[in-house]
Amino acid sequence: VLVVARAAVQETLRELEPFWLRLQAEVEDLARRRQRYADLFDFAPEACAMTDARGVIGEVNPAMAGLLGRSGPLLVRKPLLALVAAGRQRAFVERFLQGARDWQSALRTRNGPLEVHVAVRRTPTGLCWTMRREA
Amino acid sequence: MSAAKGSQTWLHTTVDAVRELMEKRLAANPEDAELKRDVEMALEELDVMWEELEGQAERLGRESERYAEFFDYAPDAYLVTDAGGNIREANQAATELLRCPRAELVGRPLGGFVPAEERVSFLSHFVGALSAEGAQPATWQARIQPAEGPTLPAVFSVRAIPLQKSGVGGLCWLVRPA
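Top to bottom, those sequences are chains A and B.
Quick note: the first sequence, position 59, residue 59 per my numbering, numbers continuous.
Quick note: the second sequence, position 48, residue 48 per my numbering, numbers continuous.
It is worth saying that the hints were derived from the structure and are not from the lab.
Hints are supplied without guarantee of correctness; some may be wrong.
Here are the computed lysine to any residue pairs in the SDA-like style, where the Cα-Cα straight-line distance is at most 25 Å [stated by the list, open to error]:
1. B:Lys-24 to A:Arg-14
2. A:Lys-78 to A:Arg-122
3. A:Lys-78 to B:Lys-24
Go ahead and model the full structure; you've got the sequences and the hints to work with.
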């Protein structure tokens, strides 16, 4: 009876194997897909930030961190507004609330205010921002 | 977006099916204590593994949706080409700027959207970006030729996406009307 019992379990486990292999392959596919899109964000040729609908930073790319002269991960969960130069915050909020998609502003950077062109678009889950140094 | 959701649903269905199969085995031999213990242990292990995989799949799915959303809704036109210069991906803004639906953009050479007299200059920037992998983006002014209508002045920025991270190298292009 023991032998039969063990054989039954072994058999079930053998039947499971292809399922698990496929599960793992699915997760690996997801990981590749995630990395693919993460690369597009990280290697985007301009400064980008993703925030929630209230403007709280979810992630900034290295180009954005470089523009600000700050560490990207330390900016997570900070309001995007905190990156705007002090005297320009009110105008920034006004433009945003008016529904503008592009405007001029200035960022607070390690080397003082930096004039930038801001663009923002709504996404299904938040806001997508790009900032470009004014020529 | 739906691919991640789909695979999660698939994972769930499969694990449920496996559980059911093992429980049936157990019900068919109710007297067998050894079998019962073995099957219960296997089910417990299965639960742990499943939770781990489910957690991973959920996180990966959420993150790829977030990054994909960024790409698709970015204010500027983004395109990804392979090392041969053929368009592999294009966001919403790119389809609008080039006045061409996504299905027709993918597979076409990006150089086809540059007027003939500017192609040599385009190619030299393209080759330069390919050889300067991961470096600072190259930016230059050029004209684009959308699928319909007149040519437009634009600013191109391009940066190589290193091969090693996702296993898919290529070039990330940003095209902005000047």
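For each hint, the structure was consulted:
With a C-alpha separation of about 16 Å, the suggested pair Lys-24 (chain B) and Arg-14 (chain A) falls inside the 25 Å cut-off, and the hint holds. About 19 Å separates the Cα atoms of Lys-78 (chain A) and Arg-122 (chain A), which keeps this hinted pair within 25 Å; it holds. Taking the CA atoms of Lys-78 (chain A) and Lys-24 (chain B), the gap is about 53 Å. The hint is violated against a cut of 25 Å.
Checked against the numbered hints given earlier, this structure breaks only hint 3.
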